[in-house]
Amino acid sequence: MKWALLTLLFTIAAVLTGCEPLMVLDPKGPQAATQAKDIMLSIGIMSVIVLAVFSILVIMLIKYRASKQSKDYEPPHIEGSTLVETICVGIPVLIVIFLSIVSVQSNYKVEAKPTGYGDKEPLIIYASSSNWKWHFSYPEENIETVNYLYIPTDRPIEFKLYSYGPITSFWIPQLGGQKYAMSDMVNTLHLAADVPGEFMGRNANFSGKGFAENTFNVKAMSETEFDKWVKEVKKTAKPLTEDKFAELLKPGHLGQSTYTGTHLEFLPPPEGENGGHNHGSSHSTKMEKDGNESENSSESQQHHH
Amino acid sequence: MKIDNSLPLEYSTEENSNKILGFWIFLGAEIMLFATLFSAYFTLVDRTGNGPSGAEIFEITPVLIETFLLLTSSFTIGLGIHAMRLGNKKAMMAFFSVTLLLGLGFLGVEIYEFVHYVHIGAGLQTSAFTAILLTTLGTHGAHVTFGLFWGLFIILQVKKRGLNPETANKSFIFSLYWHFLDVVWIFIFSFVYLKGMM
Amino acid sequence: MDFFDRFAIPNPSPAIYASMVAIGLTMIAILAGLTYFKKWGYLWREWLTTVDHKRIGIMYLLSALLMLFRGGVDAIMMRAQLAVPENKLLDAQHYNEIFTTHGIVMIIFMAMPFIMALMNFVVPLQIGARDVAFPRLNALSFWLFFMGAMLFNISFVIGGSPDAGWTSYFPLAGTEFSESVGSNYYMIAIQIAGIGSLMTGINFITTILKMRAPGMTLMKMPMFTWASLVTNAIIVFAFPVLTVLLAMGTMDRLFGTHFFTTTNGGMDMLWANFFWVWGHPEVYILILPAFGIYSEVISTFARRNLYGYKSMVGSMVIISLLSFLVWTHHFFTMGQGALTNSIFSITTMAIAVPTGVKLFNWLFTLWKGKIEVTTPMLYALLFIPTFTIGGVTGVMLGMSAADYQYHNTMFLVAHFHMVIIPGVVFAMLAGLTFYWPKMFGFMLNERIGKWAAWIISMSTLMAFIPMFFSGLDGQARRMYTYSESTGFGPWNMVSFIGAAGLAVGFALIVYNIYYSTRYASRNIAADPWDARSLEWATHTPVPAYNFAILPQVKSSEALWDAKKHGHELFPGEYEKIHMPNNSGVPFIMSCIFFGWGFSFVFSLWIPLILTTIGIFVCMGLRSFEKDHGHYISVDEIEETENNLRGA
Amino acid sequence: MRELFPMKQVMGFVFSLLLTIVALAVYFLDMSITIGMTLLLVTAFIQAAVQLVVFMHAGETKDRGAIYTNIYYGIFIALVTVFGTLLCMIWGYL
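Going down the list, the protein sequences come from chains L, W, P and Y.
Everything in the first sequence is counted per this note's numbering, starting at -1 for the first residue and increasing by one.
Everything in the second sequence is counted per this note's numbering, starting at 2 for the first residue and increasing by one.
Everything in the third sequence is counted per this note's numbering, starting at 13 for the first residue and increasing by one.
Everything in the fourth sequence is counted per this note's numbering, starting at 372 for the first residue and increasing by one.
Excised from the complex, chain L in its bound form (with noise of 0.2 Å):
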């Protein structure tokens, strides 16, 4: 029966070498090259583990099954051995020594601006989530997308993050980690995209009926391609007012549009210590609860690729 479990391995690591990479393991930025390291790291430690303990219970199996023992062997009464806790102890502890030292270098590092871009200053996105689209904000451009996020490839990026309704996730896998939008504080997410591409965007946290299709997608491209969309944006989007954008606001899916301004000047996100504690009575923008179903504005130009 040994044989089966053998076979299915074998064959999972068939198809896994006939597939493209996985998302994770593909990284185009830095934070996320430093996640993936430590994935492949932490996933050969485990196996030599796997491995060891495979192999351990395989010998015992083979050496002591009652059939291979005459009828009156008796086995013995062994109580432990310190030498052998010891190594049983000391063995997974100097491996838990060596893996918090790599996360928690690990950790520093995903919670910084990414390295290797110089001192060039980061390009500030709020991310918001709102019942089931993404929101993006560009301050420095004052320009506003949903559901589609064209970023600069040569420039660190920092992801302001905060949602209208229940928590949400954002998640660019090949770009890094995730980390959650709540309603009410702003959390901070370092990314940058090494290479231009397109990128799968999604809400990774589960937040009602609509919450399988919350995605978008992301787009890295050079500067110089970037600065040319920001100014085609300017000439061709309409303006964001505070009546459109409480349209948006209404729970549904819409497709990708684009706005001149942001939101940011007419309903600014939370702020204060821990996040500021009096959003949402301050500003009374509570979501409708029926709003319109796959509501698509067509209003601006449409971005498709």
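These are calculated hints, taken from the structure and not from any lab test.
Some hints could be false.
[As the list claims (entries may be wrong)] The list that follows gives simulated cross-link-like pairs (lysine-lysine, BS3-like), each with its CA atoms no further than 27 Å apart:
#: 1; chain 1: P; residue 1: 575; chain 2: P; residue 2: 232
#: 2; chain 1: Y; residue 1: 379; chain 2: W; residue 2: 90
#: 3; chain 1: L; residue 1: 248; chain 2: P; residue 2: 380
#: 4; chain 1: L; residue 1: 61; chain 2: P; residue 2: 100
#: 5; chain 1: P; residue 1: 462; chain 2: L; residue 2: 66
#: 6; chain 1: L; residue 1: 158; chain 2: L; residue 2: 226
#: 7; chain 1: P; residue 1: 566; chain 2: W; residue 2: 160
#: 8; chain 1: P; residue 1: 382; chain 2: P; residue 2: 575
#: 9; chain 1: P; residue 1: 232; chain 2: Y; residue 2: 433
#: 10; chain 1: W; residue 1: 196; chain 2: Y; residue 2: 379
#: 11; chain 1: P; residue 1: 575; chain 2: L; residue 2: 69
#: 12; chain 1: P; residue 1: 638; chain 2: L; residue 2: 61
#: 13; chain 1: P; residue 1: 566; chain 2: Y; residue 2: 379
#: 14; chain 1: P; residue 1: 576; chain 2: P; residue 2: 382
#: 15; chain 1: L; residue 1: 233; chain 2: L; residue 2: 217
#: 16; chain 1: P; residue 1: 576; chain 2: L; residue 2: 66
#: 17; chain 1: P; residue 1: 380; chain 2: L; residue 2: 66
#: 18; chain 1: P; residue 1: 462; chain 2: L; residue 2: 69
#: 19; chain 1: P; residue 1: 382; chain 2: P; residue 2: 232
#: 20; chain 1: W; residue 1: 90; chain 2: P; residue 2: 638
#: 21; chain 1: W; residue 1: 91; chain 2: W; residue 2: 161
#: 22; chain 1: P; residue 1: 100; chain 2: L; residue 2: 66
#: 23; chain 1: L; residue 1: 207; chain 2: P; residue 2: 100
#: 24; chain 1: W; residue 1: 161; chain 2: P; residue 2: 638
#: 25; chain 1: W; residue 1: 160; chain 2: Y; residue 2: 433
#: 26; chain 1: P; residue 1: 50; chain 2: L; residue 2: 61
#: 27; chain 1: L; residue 1: 69; chain 2: P; residue 2: 576
#: 28; chain 1: L; residue 1: 61; chain 2: P; residue 2: 566
#: 29; chain 1: P; residue 1: 566; chain 2: P; residue 2: 638
[What the hints assert, rightly or not] Covered stretches of chain L, as calculated for chain P (at least 3 residues, CB under 8 Å):
#: 30; region: 114 to 125
#: 31; region: 220 to 232
#: 32; region: 238 to 245
[Said to hold, decoys possible] Computed far set for chain W versus chain P, every beta-carbon distance over 10 Å:
#: 33; residue: 33
#: 34; residue: 61
#: 35; residue: 112
#: 36; residue: 114
#: 37; residue: 151
All residues carry an ideal CB built from backbone N, CA and C; glycine is no exception.
Dock chains W, P and Y against chain L, hints included.
Quick look at chains W, P and Y alone, frame taken from chain L:
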């Protein structure tokens, strides 16, 4: 049931001694119950929304009265158990009655305090802070209320059935409960009221 | 009509109506059957009012199996929906309700009663006691759990199921985004069951600390008893957190407070925080008894004493403390910064050390043994490799920077299923098979049992290994559908086949129970497995008083000593035995609790007040009641013992 | 009558009143938050210990080991919960 005469009445049977240990473990759970409330309180204390803060609504006088009543009741119930161990049923019942009266007084002041809070606009629905304040105080107050009925039932039983292993055991366990409520109050007094007014 | 509208299901579907009819018919059939066979009196006298730990254990077991079925059907429906991209089997709302109830049913109403079943049945026997310390409280615990489970389960036919995930994070679970009564059911049904669990915890700690047989010091307790002691300690300190949390959630939903809302200072993170302050220890509440079962099974069938007894005990105590120090790893991505994450990352990974110690001790118990692969042993042997995979991925998840990529993905789902299924489910099935003869007086068929064990374990790998990959490929958990271009399709299809395999495995276990009930020999000895501890020293079926004479114990393997070294287990003569009386109050009080919960869910304030008074009246009556139990006379004991010996 | 008021309990009561008065200093006197909190922590925990030992007879039977273990375990986890929660909910973000 075997009765071990070397121990105080309340421990004298196996069942009795099980009950006392079981109740101590229950108190362990109660520590966690109140610890959770305190964690929530400390987290939400500054989140007053559009409502008042602690410093704006707390008053020292009722709090001091409550503290004094509860501390004294904890002392008298201790004396009640002492009297019980001396076999003095009358004194024990007297001390228990005083304890319950003090508890009733405490509850009266607390109810006054609650009415006052709601009156000045610090109700349950006002803000996260008022909600956790009233919940924490209310949980303690509900324990006291429950204790008043429990204590009354015990006095009635001691009166009718006298001091026997069973009633002694119940009285002792009740005293543990009452002392524990006093301990919880000390923490409320220090970390809700005094810290809030500091 | 307005009044009745609230009881309607907000999102009806043919499947729900069909189950409604099926539930109704089953209820009628049960009631009619009880009446026709005149079993009402029997049911009341022998089961509903019983305070016997063995019968309570069996009732827990039946409830757990029932709930396993319910949770399993949910699981199959989920995997079927995800088997192919853009499937239309379920809509989003229905899928959300199903994964929510799957989680709660499996953890609170399946795994918890399953461990309670084994603890109830085994622990008093294993320590040589006549019952638990507070038999009546034990009955109340069971009935509260049962009524909580029933209340939760009627949600999908009356008023609608909860749909905010088993974690029910606010504000999603608040009234603003979750209007139906579903989340009220969540708050109140779990509250009722939770109170029952807390009382079980107190009861078993007292039992284990105070009622051990003469000679059984703490360090001579069998490992399952140790596991139960540590587990119940965790229950006592973890469940009050849940009590407070659910009360706060209830107040937010029904009384308009602002603990977790987005307005007036409410803090949604606080729900997540307290949920996991309870939730993480809860994981160890489930896994430690399982470890206890494996320790018993492995040492029995390796025919050897457990290797490293002291380190086994020590590691459990350390796990119980560490389990309270790691909860933040469930929300590393909430923004609390690198320092906090680092602290909790280290404590999380530290748990791997005591767990590893246990794993190696089991492996070394096999060393120089004489391994006999019976069904329970097969589960234990299959547990070791599968659980190792689940365990090491846990260490990976503990690395907080990397966790940013695993969080909320199928990788996480794969991890905890690979821990809970081999860890808890295999252990419970092993324990079920192992203790079945003691419970019911016949053995389960070994051949069918082994087939089931292989099918279940291979299907587990097949169902959950693909999720590691789809998670790393960007599949978030709780998505009811995905597009073909994501490439998740093949992974999920394999998962679905695995889930179907699991269903086949469980069906085989049911068939085994049926088959063995019909054909197995009733003529078995008290100790059919040639086991080592006290529970096998008494007769099968176990008499009401467990042991006619209290056993004298010299080591953690008292029965083994008696069998191999001629140690006299039962010295002395029969004496009359004091036993507790049956009582209907726990059952009645729990029924009132059910009414209380139902009124609460639907905000029926007058019934709520009446039932609240009812509950306190029950407590008041108990306070004044004189119940000193009864004695079993020496003659009666002699008669019972002679009959059992003759059998 | 005298035997109804044992010295130990009377002293315990007087001591607990004293501790309350000391704690009150944070209200009546002007002090920094650090000193105030330290004072409150010290008085509250001593106060709890007085109740436990003098009034609740925690150590009087052979179950004292179990009782104290239970209480210490409870206090340990309670402190972890309080400070852990503050760390995750407030301090971690500063």
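Structure-based check of each hint:
A C-alpha spacing of about 17 Å is found between residue 575(P) and residue 232(P), which places the hinted pair at or below 27 Å, so the restraint holds. Between residue 379(Y) and residue 90(W) the alpha-carbon distance is near 21 Å, which keeps this suggested pair within the 27 Å criterion. With a CA separation close to 69 Å, the supplied pair residue 248(L) and residue 380(P) exceeds the 27 Å bound. Proposed proximity of residue 61(L) and residue 100(P) is contradicted: the alpha carbons are some 52 Å apart, above 27 Å.
With a CA separation close to 20 Å, the supplied pair residue 462(P) and residue 66(L) stays within the 27 Å bound. Taken as a hint, the residue 158(L) and residue 226(L) pair is honoured in the structure, with Cα atoms around 24 Å apart against an allowance of 27 Å. For the given pair, residue 566(P) sits about 47 Å from residue 160(W) by alpha-carbon distance, which is inconsistent with the 27 Å threshold. Between residue 382(P) and residue 575(P) the CA atoms are separated by roughly 17 Å; this keeps the pair inside 27 Å, and the hint holds.
Simply put, residue 232(P) and residue 433(Y) have alpha-carbon atoms about 19 Å apart, close enough for the 27 Å limit, and the pair holds. At most 27 Å may separate the alpha-carbon atoms for a hinted pair to count; residue 196(W) and residue 379(Y) exceed this at roughly 31 Å. As the CA atoms of residue 575(P) and residue 69(L) are separated by approximately 18 Å, the hinted pair is consistent with the 27 Å bound. Simply put, residue 638(P) and residue 61(L) have alpha-carbon atoms about 62 Å apart, too far for the 27 Å limit, and the pair is violated.
A hinted pair counts as satisfied when its Cα atoms are at most 27 Å apart, and residue 566(P) with residue 379(Y) does not qualify at roughly 43 Å. Proposed proximity of residue 576(P) and residue 382(P) is supported: the alpha carbons are some 16 Å apart, at most 27 Å. For the proposed pair residue 233(L) and residue 217(L), the alpha carbon gap of about 20 Å is at most 27 Å, so the pair holds. A distance of roughly 23 Å separates the Cα atoms of residue 576(P) and residue 66(L); the hinted pair therefore holds under the 27 Å criterion.
About 12 Å separates the Cα atoms of residue 380(P) and residue 66(L), which keeps this hinted pair within 27 Å; it holds. For the hint pairing residue 462(P) with residue 69(L), the CA-to-CA distance comes to about 24 Å; that is within 27 Å, so the pair holds. Between residue 382(P) and residue 232(P), the direct Cα distance comes to roughly 23 Å. Compliance with the 27 Å bound is thereby established for this hinted pair. Proximity of residue 90(W) to residue 638(P) is assessed by CA-CA distance (about 20 Å); at most 27 Å being required, the pair is judged to hold.
Among the hinted pairs, residue 91(W) with residue 161(W) is consistent with the structure: their alpha-carbon atoms are about 12 Å apart, no more than 27 Å. Of the pairs offered as hints, the one joining residue 100(P) and residue 66(L) is violated, with about 55 Å between alpha carbons and a cut-off of 27 Å exceeded. The hinted pair formed by residue 207(L) and residue 100(P) meets the criterion: a straight-line CA distance of about 15 Å does not exceed 27 Å. Restraint check for residue 161(W) and residue 638(P): satisfied, since their Cα atoms lie roughly 13 Å apart, inside the 27 Å limit.
At roughly 31 Å between alpha-carbon atoms, residue 160(W) and residue 433(Y) are farther apart than 27 Å, so this suggested pair is violated. Distance hint between residue 50(P) and residue 61(L) is unfulfilled; the C-alpha atoms sit about 57 Å from each other, more than 27 Å. As the CA atoms of residue 69(L) and residue 576(P) are separated by approximately 16 Å, the hinted pair is consistent with the 27 Å bound. Between residue 61(L) and residue 566(P) the CA atoms are separated by roughly 32 Å; this puts the pair beyond 27 Å, and the hint is violated.
Taking the CA atoms of residue 566(P) and residue 638(P), the gap is near 38 Å; set against the 27 Å cutoff, the hint is violated. Counting residues of the region 114 to 125 of chain L whose CB lies closer than 8 Å to any CB of chain P gives 0, which falls below the minimum of 3, so the coverage claim is violated. Interface restraint, the region 220 to 232 of chain L with chain P: violated (0 residues with C-beta to C-beta distance below 8 Å; minimum three). Figure legend: the region 238 to 245 of chain L, annotated as covered by chain P; annotation inconsistent (0 residues with Cβ-Cβ distances under 8 Å, at least 3 required).
For residue 33(W), the shortest C-beta to C-beta distance to chain P comes to about 4 Å, within the 10 Å cut-off, and the non-interface label is violated. Every beta carbon of chain P lies more than 10 Å from that of residue 61(W), the smallest distance being close to 25 Å; the non-interface claim holds. Taking the minimum C-beta to C-beta distance to chain P, about 18 Å, the non-interface status of residue 112(W) holds against the 10 Å cut. Distance check for residue 114(W) against chain P: the nearest CB is about 19 Å away, which clears 10 Å, and the non-interface claim stands.
Residue placement check: residue 151(W) does not keep its beta carbon more than 10 Å from all beta carbons of chain P (closest about 7 Å).
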